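Enquirer: In case you want the letters, here they are:
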Amino acid sequence: MALLHSPEELERFRRDLCDKKDPDMPRISVCAGAGCLAYGAAELIESFKAEVEKQGLAAKVDTKGTGCPGFCERGPVVVIYPEEICYLGVGPKDVPEIIEQTIKGKKVVERLVYTDPNTGEKASRESEIPFYKLQTRTILSNNIKIDSKSIDDYLSIGGYSALAKALSWMTAEEVVDEVKKSNIRGRGGGGFPAGRKWEGSRDAPEKIKYVIVNADEGDPGAFMDRALLEGNPHSVLEGLIIGGYAIGAREGYVYVRQEYPLAVKNIKLAIKQAEEYGFLGENILGSGFDFTVKVHQGAGAFVCGESTALMTALEGRAGEPRPKYVRSNVKGLWNRPTVLNNVETWANVPFIINNGADWFTQFGTEGSKGTKIFSLVGKITNTGLVEVPMGITLREIIYEIGGGIPGGKKFKAVQTGGPSGGCIPEELLDLQVDFDALTEAGSMMGSGGMIVMDEDTCMVDVARYFIRFLTDESCGKCVPCREGLRQMDKILTNITEGRGKEGDIETLEELSELAIDASLCALGKSAPNPFLSTLRYFRDEYEAHIKDKRCPALSCKPLISHYIDPSKCVACMICLRKCPSQGITGGKNLIHVIDQDKCNNCGTCLEVCPPKFGAVRKFSGEPVPAALPEDQRKIVRKSKSK
Amino acid sequence: MSKVQLTIDGKEIQAEEAMTLLEAAQSAGISIPTLCHHEKLIPYGGCRLCMVEIEVRGWSRLVVSCVYTVEKDLIVTTRSEKLDRIRKNLLELLFAHAPVSPQLEEMAREYGADKNRFEQDASFCIHCGLCVRYCAEVVGKHAVGFIDRGIRKEISFVPEIAAQECNDCKECFPLCPTSYLQAAFVLTEALVFPRGSSGSAPQK
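Protein chains in written order, with the numbering used here: chain A, 1 to 642; chain B, 1001 to 1204.
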């Protein structure tokens, strides 16, 4: 591939690419994101290619693995263009039927389309599926359209046109101004206005400056940056190059966690392709602007998502945050002005440049503009990635897009913002999601993780889980975080194990205050949030654990007991056989009894007891009824008594 | 170098432009507690004991005085109910590791810290990093370093370097606020370079 020397050459090249493609040619797009790959998408793609070949359609059908379209719950996801027919949960065995019916016969395979679990209604187009209908997809929209390994695919949908526009028709100041006008706030957690960050760097006197993509996404349950970097790496790269031009940087870095091997591979490939086409290197598109990008793989520390720790790690030292009172956009990497933005923020930049700040600000609320990707996980019917305008309510995300709580369970809370976010209870479900509203509710936007919890979740245990996570991930440099969290973890563990005592809540509150006031970096300062937000909304659960040694959610094992209701047990032997502790006595016609001394509350009996009997139940905070004497446990079967 | 005027604990002070708040306070005879600070070392900001309250244009916030540099007309408070509470809590957390450090005990008396508030888990090291940083920044040998992360972090001598350098130096020993270091070093020495006085030298 020859270099593209000007915006005109780029446009000509793009038109040639489009002309070569017949818009009516059937295209089979199979999600090749991490989730669908785990479901076997790679074999599926091969099956499609083999079947297309077998049927002699190779020249007439375009089959490709694409980026993640987000509906991970129902993967592997296949979309057939131009009709945009969306098939869910597709396996290699479905391939011949799809080729026969849909590609050749232009008919929909009904059994593979979305079926509403409540109404039974079917929806064959992506845009008709409730999961997608309420979303506003901009940055995620291209994932399913392109092969993430193909720069030509990206170019054919208008890729790098924003870069061409910025370099040729805008001054660097105008680019900064446009981003400032868009009011986009950093998508990585802090929510700092990106334009102001850029301006600070642009105005800094030093000659050498840097731009960095923060792709160290480490929040449990969050995978939006992963989906972008794996699915559409060029969009992130294009944003970064524009940022470099805007602030006057000639070098950029992508700091990506090594736990994302596909993201690492795809971004490296994207950089190589961009170099070949002349979007990176010297005199980009004839503008005189030079820019190079390097990839740096993280070594597994969560704290390296924090900006100063990331930069310290990038400099080749142990990834610990540094104490500083000068912003890193003025003194960052190697003490030089550095703009660090999250993957999603960078991916927004080409859209803002191409469509203008006014287009961007039409979405969102007063203080938070644009759309935001959330990874919706936990006790939710439709697990996946959702992109919604800021200001949408939690209720809409959870019930309309997410399809509510499965298994007829009751919603309890939604945890937003990653481990240092907070839990939001049912009474706040109508909260309009934006940076400020979430912070006010005691949680935060973070990078967009959303973990839904139902009535079976113990909120004290949730706090313990996240505090434990942060204790493990503390870099250990400052005392309030390293030692304070360690003590908080100990106290919370004690409470969930029935050793809570009067005064624990006050000690936890004091340690929280200390961490917020005195920690060195944002990890420590926000670490108490899981405790503080659960205490704020679920204080009664803390008190039940401490005072009554009772877990209201019947979840904390040391505080619960399992019991077989003799009036419901039919002596079917299932639980007796499955109990891993051999803790259930009984027999063929003998009502089963759990030996409380042997029971370790693993819950197997509850799981295996057939729902039509429903004989096993849990107790907490009250003694388990005494077992029936053996002579009263005999079951006399009608059939046998005849 | 030009001077900067600021107020610390109600006292008007002329400080050098590049001074930190801690240095400015010390130059005026105002004492701020520290554990991880050493005048020859780059500020670390780890122990957080030197936190002070600053007020700029009516806005008040907490900063670590060993890092924050002086600014014109800054109003600094080094003792307040809040700061004392922070220091008390920090000391109580540190006592869980170093129950017999004279330096900590003296500060505990000043700030009313309870030595036994948290369950003891004596490792003696409070991760101030003085030995590690002194060896790297002043001596330039990197004979001692941190290993692992967070609550599992420990100091450790690098045997290959320590065998060559430490015997004639030992400058880090007196820096340790809990005196664990000496014990650690002696232990390492005993394990790695046995002297053979009691016949324990490895047979060649």
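These are computed hints drawn from the structure, not numbers from a lab.
Note that the structure is predicted; figures quoted are calculated from it, not measured.
Be aware that one or more of the hints could be misleading.
[Unchecked claim] Computed cross-link-like contacts, DSSO-like style, restricted to lysine-lysine with a CA-CA straight-line distance of at most 27 Å: (1) B:K1003 x A:K525; (2) A:K490 x B:K1088; (3) A:K145 x A:K133.
Enquirer: Hint by hint, note whether the structure agrees.
Expert: Here is what the structure says about each hint:
1. B:K1003 x A:K525: violated, 34 Å
2. A:K490 x B:K1088: holds, 20 Å
3. A:K145 x A:K133: holds, 18 Å
Comparing the model with each numbered hint stated earlier shows that hint 1 is the single one that does not hold.
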